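A.B. asks: The residues making up each chain are set out below.
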Amino acid sequence: MYTQGLLEAPPKAASAVEDSERMAHFQARIDAEEKIEPKDWMPEAYRQTLIRQISQHAHSEIVGMLPEGHWISRAPSLLRKSILIAKVQDEGGHGAYLYSAAETLGIARSELIEQLLSGRAKYSSIFNYPTPTWADVAAIGWLVDGAAIMNQVPLCRCSYGPYARAMVRVCKEESFHQRQGYHAMLSLARGTPAQQRMAQDALNRWWWPALMMFGPPDTASQHTALSVRWKIKRFTNDELRQKFVDFTVPQAQFLGLTVPDAQLHQDEDGHYQTGPLDWSEFNAVLKGNGPCNAERIAERREAHAAGAWVREAAIAHAAKRAARAVA
Amino acid sequence: MNAVTTPATARELTTYVLRLADTSLVLAQRLSAWIGHGPAIEEDLGCANISLDLLGQARLLYAYAGELEGAGRTEDDFAYLREECDFLNATMAELPNGDFGQTIVRQCLLDLWRLELFEQLTQSTDMRLAQIAAKAVKEIRYHGRYSSGWLVRLGDGTDESHQRVATALVMLWPYVAEWFAEDALEQALAERGVVPSVAAVQAGFEARLAPILRAATLTRPSNVDYRWFGKRAQHSEHLSHLLAELQSLHRAHPGAQW
Amino acid sequence: MRPSVPRVQSLKVYGAIAMTLPQDWALYEVFVRAKRGLDHKHVGSLHAADAAMAIEHARDLYTRRQEGVSLWVVKSADIVASAPEDAAAFFDPAEDKIYRHPTFYDIPKDVETL
Numbered sequence: 000m001y002t003q004g005l006l007e008a009p010p011k012a013a014s015a016v017e018d019s020e021r022m023a024h025f026q027a028r029i030d031a032e033e034k035i036e037p038k039d040w041m042p043e044a045y046r047q048t049l050i051r052q053i054s055q056h057a058h059s060e061i062v063g064m065l066p067e068g069h070w071i072s073r074a075p076s077l078l079r080k081s082i083l084i085a086k087v088q089d090e091g092g093h094g095a096y097l098y099s100a101a102e103t104l105g106i107a108r109s110e111l112i113e114q115l116l117s118g119r120a121k122y123s124s125i126f127n128y129p130t131p132t133w134a135d136v137a138a139i140g141w142l143v144d145g146a147a148i149m150n151q152v153p154l155c156r157c158s159y160g161p162y163a164r165a166m167v168r169v170c171k172e173e174s175f176h177q178r179q180g181y182h183a184m185l186s187l188a189r190g191t192p193a194q195q196r197m198a199q200d201a202l203n204r205w206w207w208p209a210l211m212m213f214g215p216p217d218t219a220s221q222h223t224a225l226s227v228r229w230k231i232k233r234f235t236n237d238e239l240r241q242k243f244v245d246f247t248v249p250q251a252q253f254l255g256l257t258v259p260d261a262q263l264h265q266d267e268d269g270h271y272q273t274g275p276l277d278w279s280e281f282n283a284v285l286k287g288n289g290p291c292n293a294e295r296i297a298e299r300r301e302a303h304a305a306g307a308w309v310r311e312a313a314i315a316h317a318a319k320r321a322a323r324a325v326a
Numbered sequence: 000m001n002a003v004t005t006p007a008t009a010r011e012l013t014t015y016v017l018r019l020a021d022t023s024l025v026l027a028q029r030l031s032a033w034i035g036h037g038p039a040i041e042e043d044l045g046c047a048n049i050s051l052d053l054l055g056q057a058r059l060l061y062a063y064a065g066e067l068e069g070a071g072r073t074e075d076d077f078a079y080l081r082e083e084c085d086f087l088n089a090t091m092a093e094l095p096n097g098d099f100g101q102t103i104v105r106q107c108l109l110d111l112w113r114l115e116l117f118e119q120l121t122q123s124t125d126m127r128l129a130q131i132a133a134k135a136v137k138e139i140r141y142h143g144r145y146s147s148g149w150l151v152r153l154g155d156g157t158d159e160s161h162q163r164v165a166t167a168l169v170m171l172w173p174y175v176a177e178w179f180a181e182d183a184l185e186q187a188l189a190e191r192g193v194v195p196s197v198a199a200v201q202a203g204f205e206a207r208l209a210p211i212l213r214a215a216t217l218t219r220p221s222n223v224d225y226r227w228f229g230k231r232a233q234h235s236e237h238l239s240h241l242l243a244e245l246q247s248l249h250r251a252h253p254g255a256q257w
Numbered sequence: 000m001r002p003s004v005p006r007v008q009s010l011k012v013y014g015a016i017a018m019t020l021p022q023d024w025a026l027y028e029v030f031v032r033a034k035r036g037l038d039h040k041h042v043g044s045l046h047a048a049d050a051a052m053a054i055e056h057a058r059d060l061y062t063r064r065q066e067g068v069s070l071w072v073v074k075s076a077d078i079v080a081s082a083p084e085d086a087a088a089f090f091d092p093a094e095d096k097i098y099r100h101p102t103f104y105d106i107p108k109d110v111e112t113l
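Residue numbers (numbering that gives the first Met the number 0), protein chains in the order written: chain A, 0 to 326; chain B, 0 to 257; chain C, 0 to 113.
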């Protein structure tokens, strides 16, 4: 998932009027690893946290179609073109699954899309970085989808049933994304000097943003505790980030590429320790000052506006048919 | 049973297969531009599926063309290293997407024509072509269902949607002429049962189209004497732009593997 | 800024009759039969303006990897569901009727065909 660490203000505390008995029952159910289902009673803060997290995740999938999608027309072989179409299509599918899961919490998709297009809703900052070369498509698959899987697998056990079930489906498909990315990267790394340079350049640009996808350090993350207690989240940002680094560094070495971190080293436990992350950059992109923030939203707005007459026509046609069936 | 008996017939069949392949590729390229930009997420997925099918068809057909030609050209050689004047796709496939309505009209016309054509190609005396057609027919049947469903919704939707697709239909109709103007190559192949007669395909196309236009409350435009045909490499101005984009990265790295 | 509650808008679509149309396409629930011999299983939902579109969307959204051989779609609004607060009254009374289960009956080992 592409959303961790993006949740802004923690949800308002559950109102005091909420029945403490129901609350206890709810927490007991979660502690017993039972799922919460759509029509169950749930604290308002739980509902709001989930709506925000699931919709941010959905928005990230939809916006995430754009940076890679821009390379569909120029993919360098017919096979790579097919793979990329299938991959970007999956992202759209993931967005749709997740909007569906969010809708079970009592919010309409049109409302969620409105939140995205009006700029009120967040999506993963990673998609505000540009894809100037083909190697960026490979790097996104390898690093961004790789980081996403790290985040997503625990969500398959999330306490909210529809989200957990959507994530099972997403995760199954996501492993194809990471593998195709690494495969494309491998072709570049074993290719011509120009291709190798392209691959290294992409790693240089995506490495740090990928690490920041896991969200702020645990010391600065305000709402991890509640999310962990509710089993919306099962590992902390730093735990997942460390796991990602430990997995990814050897993969980079196999490619013969250099991780752009002079301070990177292996500690006595075998973990790779990175140099400090530049959180001021993360915050700047989050605030809307990344290289592509404005373009991404503008592109989504344009598509949505251009499709309005189509959506209306389909509804009008269905209404006409219904009227004719009655007549 | 294979229809290729002489070098001359192999050349003819190669050209014909390239016409089919180029149409699939060029249409896939156009349609894939909707991914991320459709009127609903579900439509992005629909257009992506059709693009993938078309790319798959193009790849099978290029592979066959390469075998027929016998010069060792691969699917990517055909797709990425030929010039605009070498492409033999039906002109309609290369025309811009326009709005979703224009895309749907273009898609529906091409789907109905190609559905009829490929259904008849399953009876080809050339086994390979018949096999490729049999696979493609299943795909195109779904494409036609998708595009004709949308054409009916838009034609019989709001005043605005009706106006948009009616305009697109008139704009695109001249490019239908190419499909039914039989040339010497098609005639020669048809005589040997390798490809269907153009007249038979036209009759099937018209029979499929009529009820859809009726349901969409659209009027079939009158035929236009348009005679610049993509199958003879006489293209619109749009194809060279499309190819420039499609081929740019591949051509920038000659010989590279991806 | 546009209002954020579910919106309706008026459109003249059918002769002189003005209709009120919802902004979103209808929500449909999707059920997939993974292979012959299995039940259709709920997999999620989607939006579509009509039933034909819903089936096509279900195909494109939920069976991209040959996940099914048959699809059902049903308007979410048409599903009648039991309420969670009724769960105790609905399902707990079955708890003590253990005699419904074959394992309740202890049959001598000599009876081999039962």
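In case anyone wonders, no lab produced these hints; they're calculated from the structure. Be a bit skeptical, because a hint or two may be false.
[As the list claims (entries may be wrong)] Chain C stretches covered by chain A per the calculated footprint, using a threshold of three residues with CB under 8 Å from any CB of chain A: (1) 41-53; (2) 76-84; (3) 100-107.
Fair warning: this is a prediction, and the values are worked out from it, not measured in the lab. A virtual CB, placed ideally from N, CA and C, is assigned to each residue, including glycine.
A.B. asks: Hints first: check each against the structure and report whether it holds.
C.D. replies: Structure-based check of each hint:
For the region 41-53 of chain C, the proposed coverage by chain A is satisfied: 8 residues have a C-beta within less than 8 Å of a C-beta in that chain, meeting the threshold of three. Counting residues of the region 76-84 of chain C whose CB falls under 8 Å from any CB of chain A gives 3; the rule of at least 3 is met. Check result for the region 100-107 of chain C against chain A: violated, 0 residues qualifying (beta carbon to beta carbon below 8 Å, three or more required).
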